[in-house]
Amino acid sequence: MVEVRLEGVSKRFGRVVAVDNVSIVFEDGRFTVLLGPSGSGKSTILYLVAGVYKPSSGRIFFGDRDVTNLPPKERNVGLVFQNYALYPHMTVYENIAFPLRLRGEDEAAIDRKVHEVARLLHIEELLDRRPGQLSGGQQQRVALARALVKEPDVLLLDEPLSNLDALLRLTIRGELKKLQQKLGITAIHVTHDQAEAMSMADKIVVIDRGRVQQEGPPLEVYERPRNLFVATFIGSPPANTLPATVEHRDGYPLIRVAGSLYRPGERHAAKIREAGLDRVVVAFRPEHARLAEHPPEGEDLAFEAEVYLVEPLGRENIVTLEAAGMPVKVVTPPEERPSGRLYVVVPRERVLLFEPETGLSLDHL
Amino acid sequence: MPGRPRPGPAFFFLLPALALILVFYVVPLILSVYIGFTPLRDWNLQRLGELSLDNYRRLYHLVLHDPDLRKVVQTTIVFTSVTLAVNVLGGLVLALAMFFMDEWLSLPYRLLWLLPRMTPVAVYSLLWYYFFLPGREGILNSWLMSLGLIDEPRAWGKDPELLPYSAWAILVLVNGFVGVSFGMIVFYSALKSIPREQVIAARIDGASTLQLARHVLIPQIRWHIVYVTVWQLLSLLTTFAHIFLLVEWGTLDRAWGSNWALYVFNTAFLTQDQGFAAAAATVLVAVGVVLGLLALRLMRFREMMVEPKGEL
Ligand SMILES: Nc1ncnc2c1ncn2[C@@H]1O[C@H](COP(=O)(O)OP(=O)(O)OP(=O)(O)O)[C@@H](O)[C@H]1O
Ligand SMILES: [Mg+2]
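Each protein sequence line maps, in turn, to chains W and B. If you're matching positions, the first sequence starts at 1 in this note's numbering and goes up one per residue. If you're matching positions, the second sequence starts at 1001 in this note's numbering and goes up one per residue.
Calculated from the structure, these hints are not laboratory results. Beta carbons are placed, not taken as given, at the ideal position from N, Cα and C, and that holds for glycine. Among the hints, erroneous ones may be present.
Cut-off 27 Å, straight-line C-alpha distance, at most; resulting in silico cross-link-like pairs (DSSO-like, lysine-lysine) [as the list claims (entries may be wrong)]: (1) K177(W) x K203(W); (2) K73(W) x K182(W); (3) K73(W) x K1158(B); (4) K54(W) x K73(W); (5) K113(W) x K73(W); (6) K54(W) x K1158(B).
Which residues of chain B face chain W? A partial, calculated answer using Cβ under 8 Å [said to hold, decoys possible]: (7) A1122; (8) Q1198; (9) I1204; (10) D1205.
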């Protein structure tokens, strides 16, 4: 298939900068997920790749081919929309056949290809119906069939699962991923659902306000967020963040967080000294912390907190505590029912530190 | 089979409209059909009791033998059908053009086309009166003369050499400029309600603007096209205000520039032959009903009617 590359691409609509100097490589045959909140510019990036919009600046490559100024039809991409965008006046068959008819393929070939893709997506018995007579999941498959029937080099998916109910979404997520691997197609999938991104992606690209915040394999993005935005956007519940001050003892920086002192490791200490920080933001994921009756031995991060709310979710409990006036969430095993004043304990290797002004992780400074 | 909706509340809401239609449409209609069978003249109400088919016989005879009325009939057919085509197709083309335009351009463009509709009939007609004025002062004449295309000013709507086509062209032009904006507005708003993603999808699949219009956009506004066509057909059959003024002011030839509706008006209020005029009006209404139903049928209106969803 083809590798898709954006190089310093910006897109402005009047005074709105929807995409701001973005460079991304969408690897050949891989499933890349663009993840970001509403209005962050995800769809705009997709439309730039498709050729619906021309970039205000920067270049777009498909492999070695510079497609920056090519119209959509010369890019051979398939696009699936959140609202499916099926043509209501055409049958399912006609909808799927439409891209081929526009190319002027002969009817026999069209018929063969439509049936082939319909078989692949299990919608053969729907071919005579109109989109209005289909369920959301069926419409979604038809839209996918219409995008795939022209054997595109790149498959673009703009939140195609967000109109489906939770269970169906899980099923189709799996199917979609399998289908993509089977076809070996380069896929770019847009979503604001971080769980969907984690489960489907070979690579996640986190976007906020038109800029790439971080890119990398899902686990890396999850465990080593590059900045506070990524840390708090990904994860459910998201990472806890606590403002903290730096105190120097015998030339070594100590961090005062929620009333306790935490001694960072050498690497972080060096960064703090280097940058001359007197404040930092301490962050950790709710599932990386545990609750203890007594302060632990050793040098893990630990501070006192009062249990405020316990939400049992069956597989686990989400415990909300209050530490020095700030809320902290901790995930505990279901049988644990904490109450009263406790210690929140986070292993040193799980503690994330951020620079408060820029929000950048100390690891990335 | 879905149950028939109960008439109760629906009837209640329809009542005011029904009452209005009854008072201002059904009653006058019945009256005028009735008058068509009487020899009413000069508003002399004494003869309202004498019923006969005389008016219809006379009308039939005149249509066959009176050269002036035959011209009116031809003008009506040509004017109605050509203007209808211009209004519907022109409205469609304008709406599509605006659909593909940027908003900052399409808004003033739309307003421009609405201008004739916002102008009072008399003022609008006056503009055309000056435009086609027979003397050298006429705008068209002075343009053509300064371009050297003609030597002498012409009476565009009356010159026997140019009749009937010049009169017809003027009629179509004058009414078309007002008429297209109706279809334009209806079609444009219908196009705007088509999800943008469908257009993007078609573009990505390689549709040209023409293919996009033909396969994606126009099929989805079929209902609106039917509606505008029937509406315009009926209003063109009965329109006469501009035409009346342009004929009275001498811009248009009286016979080649009159349509049936104006003929009815003139017969009733100038010739004072009300019984005969009512008969002619009844024929017009009958033709309108038949053509309207035929158009709906041709365009398969029933197929497009959808069953209401759920219980009403
Ligand atoms: N055609 C347009 N004209 C003007 N502004 C636009 C246009 N398209 C997008 N924008 C603006 O660009 C920004 C990014 O929009 P975009 O649709 O790419 O966001 P998104 O990440 O896809 O959001 P969502 O998750 O809500 O779909 C928004 O501020 C939006 O208002
Ligand atoms: Mg979007």
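Status of the hints after comparison with the structure:
1. K177(W) x K203(W): Holds. K177(W) to K203(W) sits at ~13 Å (cutoff 27 Å).
2. K73(W) x K182(W): 25 Å, holds
3. K73(W) x K1158(B): 55 Å, violated
4. K54(W) x K73(W): 14 Å, holds
5. K113(W) x K73(W): 19 Å, holds
6. K54(W) x K1158(B): 56 Å, violated
7. A1122: 43 Å, violated
8. Q1198: Nearest chain W Cβ about 5 Å off; hint holds.
9. I1204: 4 Å, holds
10. D1205: 4 Å, holds
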